[in-house]
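Participant: Produce the entire structure from the sequences given, and follow the hints as far as they go.
Residues per chain are reported as follows:
There are 2 protein chains.
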Amino acid sequence: MVDIKGLTVKKNENFSEWFTEIVQKAELADLRFNVKGFLVFQPSSVLVMEKMYSLMEKNLQKKGHKPYWFPTVIPESNFKKEASHVKGFTPNVFWVTHGGDKELEERLALRPTSETAFYQMFALWIRSYKDLPFKTYQRAQVFRYETKATRPFLRSREFHWIETHCAFATQEDALKQVHEDMKTTKEVLHDNFGLPFLFFERPAWDVFPGASRTFAADVLNPDGKVIQQPSTHMIKQDFAKAFDIKYKDKDGIDKYVYTTCYGPSISRIFASVVIVHGDDKGLRFPWDIASHHVAIVPIGNDEKLITKARELEEKLSSFCDVVIDTSDKSPGEKFNLWELKGVPIRIDLGEKELDSKKLSLFRRDLNKRESVSEKDLIKHILNIKSEFTANLIKESDKVFTNKIVDSRTLDSMKKLIESGNIVRCGFCSVAFDGKKCAEVIGEKTGAEVRGTKLEKEIATGNCIVCSKPAKCVVYVAKSY
Amino acid sequence: MVDIKGLTVKKNENFSEWFTEIVQKAELADLRFNVKGFLVFQPSSVLVMEKMYSLMEKNLQKKGHKPYWFPTVIPESNFKKEASHVKGFTPNVFWVTHGGDKELEERLALRPTSETAFYQMFALWIRSYKDLPFKTYQRAQVFRYETKATRPFLRSREFHWIETHCAFATQEDALKQVHEDMKTTKEVLHDNFGLPFLFFERPAWDVFPGASRTFAADVLNPDGKVIQQPSTHMIKQDFAKAFDIKYKDKDGIDKYVYTTCYGPSISRIFASVVIVHGDDKGLRFPWDIASHHVAIVPIGNDEKLITKARELEEKLSSFCDVVIDTSDKSPGEKFNLWELKGVPIRIDLGEKELDSKKLSLFRRDLNKRESVSEKDLIKHILNIKSEFTANLIKESDKVFTNKIVDSRTLDSMKKLIESGNIVRCGFCSVAFDGKKCAEVIGEKTGAEVRGTKLEKEIATGNCIVCSKPAKCVVYVAKSY
Numbered sequence: 001m002v003d004i005k006g007l008t009v010k011k012n013e014n015f016s017e018w019f020t021e022i023v024q025k026a027e028l029a030d031l032r033f034n035v036k037g038f039l040v041f042q043p044s045s046v047l048v049m050e051k052m053y054s055l056m057e058k059n060l061q062k063k064g065h066k067p068y069w070f071p072t073v074i075p076e077s078n079f080k081k082e083a084s085h086v087k088g089f090t091p092n093v094f095w096v097t098h099g100g101d102k103e104l105e106e107r108l109a110l111r112p113t114s115e116t117a118f119y120q121m122f123a124l125w126i127r128s129y130k131d132l133p134f135k136t137y138q139r140a141q142v143f144r145y146e147t148k149a150t151r152p153f154l155r156s157r158e159f160h161w162i163e164t165h166c167a168f169a170t171q172e173d174a175l176k177q178v179h180e181d182m183k184t185t186k187e188v189l190h191d192n193f194g195l196p197f198l199f200f201e202r203p204a205w206d207v208f209p210g211a212s213r214t215f216a217a218d219v220l221n222p223d224g225k226v227i228q229q230p231s232t233h234m235i236k237q238d239f240a241k242a243f244d245i246k247y248k249d250k251d252g253i254d255k256y257v258y259t260t261c262y263g264p265s266i267s268r269i270f271a272s273v274v275i276v277h278g279d280d281k282g283l284r285f286p287w288d289i290a291s292h293h294v295a296i297v298p299i300g301n302d303e304k305l306i307t308k309a310r311e312l313e314e315k316l317s318s319f320c321d322v323v324i325d326t327s328d329k330s331p332g333e334k335f336n337l338w339e340l341k342g343v344p345i346r347i348d349l350g351e352k353e354l355d356s357k358k359l360s361l362f363r364r365d366l367n368k369r370e371s372v373s374e375k376d377l378i379k380h381i382l383n384i385k386s387e388f389t390a391n392l393i394k395e396s397d398k399v400f401t402n403k404i405v406d407s408r409t410l411d412s413m414k415k416l417i418e419s420g421n422i423v424r425c426g427f428c429s430v431a432f433d434g435k436k437c438a439e440v441i442g443e444k445t446g447a448e449v450r451g452t453k454l455e456k457e458i459a460t461g462n463c464i465v466c467s468k469p470a471k472c473v474v475y476v477a478k479s480y
Numbered sequence: 001m002v003d004i005k006g007l008t009v010k011k012n013e014n015f016s017e018w019f020t021e022i023v024q025k026a027e028l029a030d031l032r033f034n035v036k037g038f039l040v041f042q043p044s045s046v047l048v049m050e051k052m053y054s055l056m057e058k059n060l061q062k063k064g065h066k067p068y069w070f071p072t073v074i075p076e077s078n079f080k081k082e083a084s085h086v087k088g089f090t091p092n093v094f095w096v097t098h099g100g101d102k103e104l105e106e107r108l109a110l111r112p113t114s115e116t117a118f119y120q121m122f123a124l125w126i127r128s129y130k131d132l133p134f135k136t137y138q139r140a141q142v143f144r145y146e147t148k149a150t151r152p153f154l155r156s157r158e159f160h161w162i163e164t165h166c167a168f169a170t171q172e173d174a175l176k177q178v179h180e181d182m183k184t185t186k187e188v189l190h191d192n193f194g195l196p197f198l199f200f201e202r203p204a205w206d207v208f209p210g211a212s213r214t215f216a217a218d219v220l221n222p223d224g225k226v227i228q229q230p231s232t233h234m235i236k237q238d239f240a241k242a243f244d245i246k247y248k249d250k251d252g253i254d255k256y257v258y259t260t261c262y263g264p265s266i267s268r269i270f271a272s273v274v275i276v277h278g279d280d281k282g283l284r285f286p287w288d289i290a291s292h293h294v295a296i297v298p299i300g301n302d303e304k305l306i307t308k309a310r311e312l313e314e315k316l317s318s319f320c321d322v323v324i325d326t327s328d329k330s331p332g333e334k335f336n337l338w339e340l341k342g343v344p345i346r347i348d349l350g351e352k353e354l355d356s357k358k359l360s361l362f363r364r365d366l367n368k369r370e371s372v373s374e375k376d377l378i379k380h381i382l383n384i385k386s387e388f389t390a391n392l393i394k395e396s397d398k399v400f401t402n403k404i405v406d407s408r409t410l411d412s413m414k415k416l417i418e419s420g421n422i423v424r425c426g427f428c429s430v431a432f433d434g435k436k437c438a439e440v441i442g443e444k445t446g447a448e449v450r451g452t453k454l455e456k457e458i459a460t461g462n463c464i465v466c467s468k469p470a471k472c473v474v475y476v477a478k479s480y
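So the protein sequences, as listed, match chains R and B. Going by the numbering used here, the residue at position 90 of the first sequence is 90; the numbering climbs one at a time, nothing skipped. Going by the numbering used here, the residue at position 210 of the second sequence is 210; the numbering climbs one at a time, nothing skipped.
FYI, nobody ran anything at the bench for these hints, they're computed from the structure. Source: prediction; values computed, not measured. For each residue, glycine too, the CB sits at the ideal point set by N, CA and C. Each hint should be verified, as a subset may be incorrect.
[Unchecked claim] The following residues of chain B were derived to be distant from chain R, with all beta-carbon distances above 12 Å:
{"no.": "1", "residue": "LYS5"}
{"no.": "2", "residue": "LYS10"}
{"no.": "3", "residue": "LYS281"}
{"no.": "4", "residue": "THR307"}
{"no.": "5", "residue": "GLY332"}
{"no.": "6", "residue": "SER356"}
{"no.": "7", "residue": "THR401"}
[Claimed, not checked] To be clear about the criterion: a stretch of chain B counts as covered by chain R if any three or more of its residues have a C-beta under 8 Å from a C-beta of chain R, and this derived list gives those stretches:
{"no.": "8", "stretch": "32-38"}
{"no.": "9", "stretch": "66-74"}
{"no.": "10", "stretch": "89-97"}
{"no.": "11", "stretch": "143-155"}
Facilitator: Here it is, written out as structure tokens:
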């Protein structure tokens with residue numbers, strides 16, 4: 001059912017249409033389900049996202065997070081316990097009001113995020129300083145009644161994520177967790193998925209409802225807009241007080257815990273993987289998350305070709321997933337299909353290859369054809385395997401790094417933003433007293449102050465807007 | 001937080017309390033979440049259920065099922081397309097009616113099952129006989145507003161399952177799928193999870209709303225009640241017609257497809273794993289689904305013991321998951337804990353073991369202590385690994401087989417049912433004309449006619465109720 005003609009739009013010419021086309025043609029999601037903003041995720045995305053879940057979960061478990069499955073619904077009363085949280089989320093909550101014919105005694109929220117579910121259990125589970133740190137996570141879907149326009153994978157009304165919820169004895173421990181979350185983001189999003197990002201502390205005017213400080217990774221799209229990927233929050237202690245989460249310290253004194261949460265959305269990160277690595281031929285996936293690694297395309301129906309294909313599959317199956325294309329499409333259509341689908345290696349198998357015992361490979365990291373004698377095949381593919389993800393990372397890092405540029409005036413910033421860059425500049429303050437200058441940037445350039453890096457950068461010179469001495473270095477970009 | 005005193009109730013004396021106690025003490029689920037019938041699944045169950053999902057999904061993928069993620073919500077209008085389905089499910093549907101402050105244009109069901117979601121997409125995806133068979137599945141939570149009493153894992157208002165949905169050109173192909181589903185049940189539930197079961201075709205009066213024929217596996221609890229595990233259905237073609245799922249056959253003629261579905265509920269199957277393998281010490285898990293395989297318990301805090309424990313962990317970690325208990329509990333409490341938690345092997349490590357270089361192992365398959373010299377440890381544990389699940393299966397098969405007994409009179413049936421058996425007998429008919437006799441059985445014994453086996457059994461003699469010549473062999477048992 002795939003349109004084997006491949007993509008008709010170039011990524012760098014019209015990114016938005018390219019993305020729409022690749023979602024449809026590579027069969028990542030079907031948008032025709034009859035509830036607005038909800039997707040049907042198809043095998044080509046689900047198989048990859050399952051691997052992404054697995055890598056992220058293993059990483060979190062290694063860092064001591066324990067897995068839970070909480071109910072999908074949260075009573076309205078839980079929601080109302082913390083004022084800024086309820087204010088931030090209520091406009092976007094889907095409400096369950098009836099069971100069968102009966103009106104429920106209390107409305108239930110389809111969870112938009114689960115602080116108010118985890119925290120009431122934390123209050124039951126945490127007793128003593130010995131229980132801390134208490135580090136959890138769950139794999140779950142969350143639901144947001146979005147009033148903005150939805151876009152497949154990037155902003156849907158139901159999305160697939162992981163949320164970690166942790167409790168600590170001190171604020172310092174909570175801040176350490178933020179740094180650990182940043183490390184997790186680096187290890188998984190960058191090193192496993194090949195996504196370059198900047199990890200910011202958001203300005204004071206841009207924190208999560210209920211948080212005291214918010215941190216987040218921004219990934220860049222080719223249209224010059226950044227997209228927020230995992231964010232991590234230091235939650236206001238108001239929350240621990242509202243839910244009465246206390247522990248006894250070493251001296252037997254009751255104290256409230258400090259909490260953090262971290263929310264990598266797998267379906268949204270998948271979008272970044274598609275966008276960052278995809279090219280004009282279609283998808284490309286880092287080796288460890290590709291659903292298949294090698295596609296063998298027999299050119300013709302000769303039984304000998306199929307036999308050879310099965311023989312190669314057998315040889316390779318101990319270290320990679322192989323698919324053999326025995327469909328009745330033309331060779332050209334098959335080539336297009338597997339390039340579109342993002343399989344790292346294609347082996348084209350015709351009479352010529354059979355006779356010469358030399359195989360023809362096409363590798364998607366370098367988009368290069370290679371010839372290899374049959375007896376060296378395993379070694380060759382193991383070699384490609386070892387460098388495939390590194391090649392994608394090298395390419396994406398280079399694109400990203402080149403897009404981060406310094407500016408000292410609003411005029412040059414405007415031009416740089418228009419040509420799709422992330423702009424670094426001196427700025428007066430990311431506390432509330434800097435909000436006005438950020439608004440000026442917004443008016444002049446259409447871009448936002450995304451925040452400051454966690455690794456301290458020393459500001460020299462003046463604020464790009466108000467010319468007061470710069471207290472910090474901020475990054476400015478357009479966003480979704 | 002675990003009560004390390006272990007279980008206080010014996011499984012065969014008071015099964016119901018034993019189950020309640022093990023759910024709580026082994027920290028499988030917390031029932032204190034403030035929405036009736038919804039659980040918080042804890043790490044001790046989630047880690048196991050994740051492995052169960054993985055084994056079931058791999059098996060389904062090998063058989064050609066492709067994974068999808070459908071929306072959690074289904075519009076009310078989809079639901080109303082097929083009359084018997086809407087009648088069967090509507091009393092148990094949770095309804096989403098509002099997004100933020102706004103009333104939605106159409107009510108959305110929290111899916112109780114997803115035929116009405118998949119089928120509308122099948123109508124878009126299936127075009128030709130070449131697209132058939134079309135075999136899908138999804139991992140998902142489903143929601144049922146139960147009016148019966150809920151029980152953790154066994155009957156909850158939200159549960160975690162897999163549902164397969166398939167379309168075929170002919171009814172014969174659909175029936176073949178039922179047999180394949182039975183094989184999957186055998187391979188996963190029995191061979192991987194160690195659960196003995198009988199696979200029945202249900203009587204005509206006991207089919208799924210919207211199905212023409214229903215099949216299901218029954219697993220036996222120690223109280224003599226069976227619990228329905230995966231059921232599989234041949235769906236009425238009314239459904240394909242209602243959703244207009246047609247394909248062009250080889251002659252270009254439009255035909256309606258035949259559909260099947262299969263619904264293994266992982267959270268419910270987990271309950272059977274707990275119930276069937278658990279004993280008076282606590283949980284036992286087949287090797288492949290145990291969250292940890294070896295618990296090392298240093299007896300004392302001597303640094304040398306911890307060093308040795310780490311050394312053993314290092315040695316074993318290539319083929320099993322090891323946990324070292326460095327808590328400040330007493331040795332006895334630690335022993336109880338790891339037996340309760342169902343870790344297959346415990347290694348007790350004291351000064352004596354350190355000096356003699358002989359280790360003391362406790363294995364949960366045989367509940368037996370074994371002594372092994374340190375240099376043979378790996379070999380010994382590999383050996384336990386190879387026979388562990390088989391030992392559990394042998395034990396559970398034996399219990400199960402002994403509980404299946406023949407009867408020729410209602411009086412003897414009554415006694416056999418009361419002493420916790422599944423009764424096999426001749427029966428007049430599992431078509432609707434047999435319903436009255438089934439009702440007589442229900443009145444006399446409190447048990448149900450569960451159905452006939454798929455493998456043909458030859459009936460001799462007469463119906464146990466009406467004395468007409470028996471047309472089939474049925475199995476009778478109490479159920480939940």
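Participant: Evaluate each hint against the coordinates.
Facilitator: Status of the hints after comparison with the structure:
1. LYS5: holds, 18 Å
2. LYS10: With a cut-off of 12 Å, LYS10/B remains clear of chain R, as the shortest Cβ separation is near 28 Å.
3. LYS281: Fine: 23 Å to the nearest Cβ keeps LYS281/B off the interface.
4. THR307: holds, 22 Å
5. GLY332: GLY332/B clear of chain R: closest Cβ-Cβ about 20 Å, beyond 12 Å.
6. SER356: Since the minimum Cβ distance to chain R is about 34 Å, SER356/B lies beyond 12 Å and the statement holds.
7. THR401: It holds; THR401/B is separated from chain R by about 34 Å at its closest Cβ, greater than 12 Å.
8. 32-38: Per the Cβ count (5), the hint holds.
9. 66-74: Contact hint for the stretch 66-74 of chain B vs chain R: holds, 9 residues under 8 Å.
10. 89-97: holds (count 8)
11. 143-155: holds (count 3)
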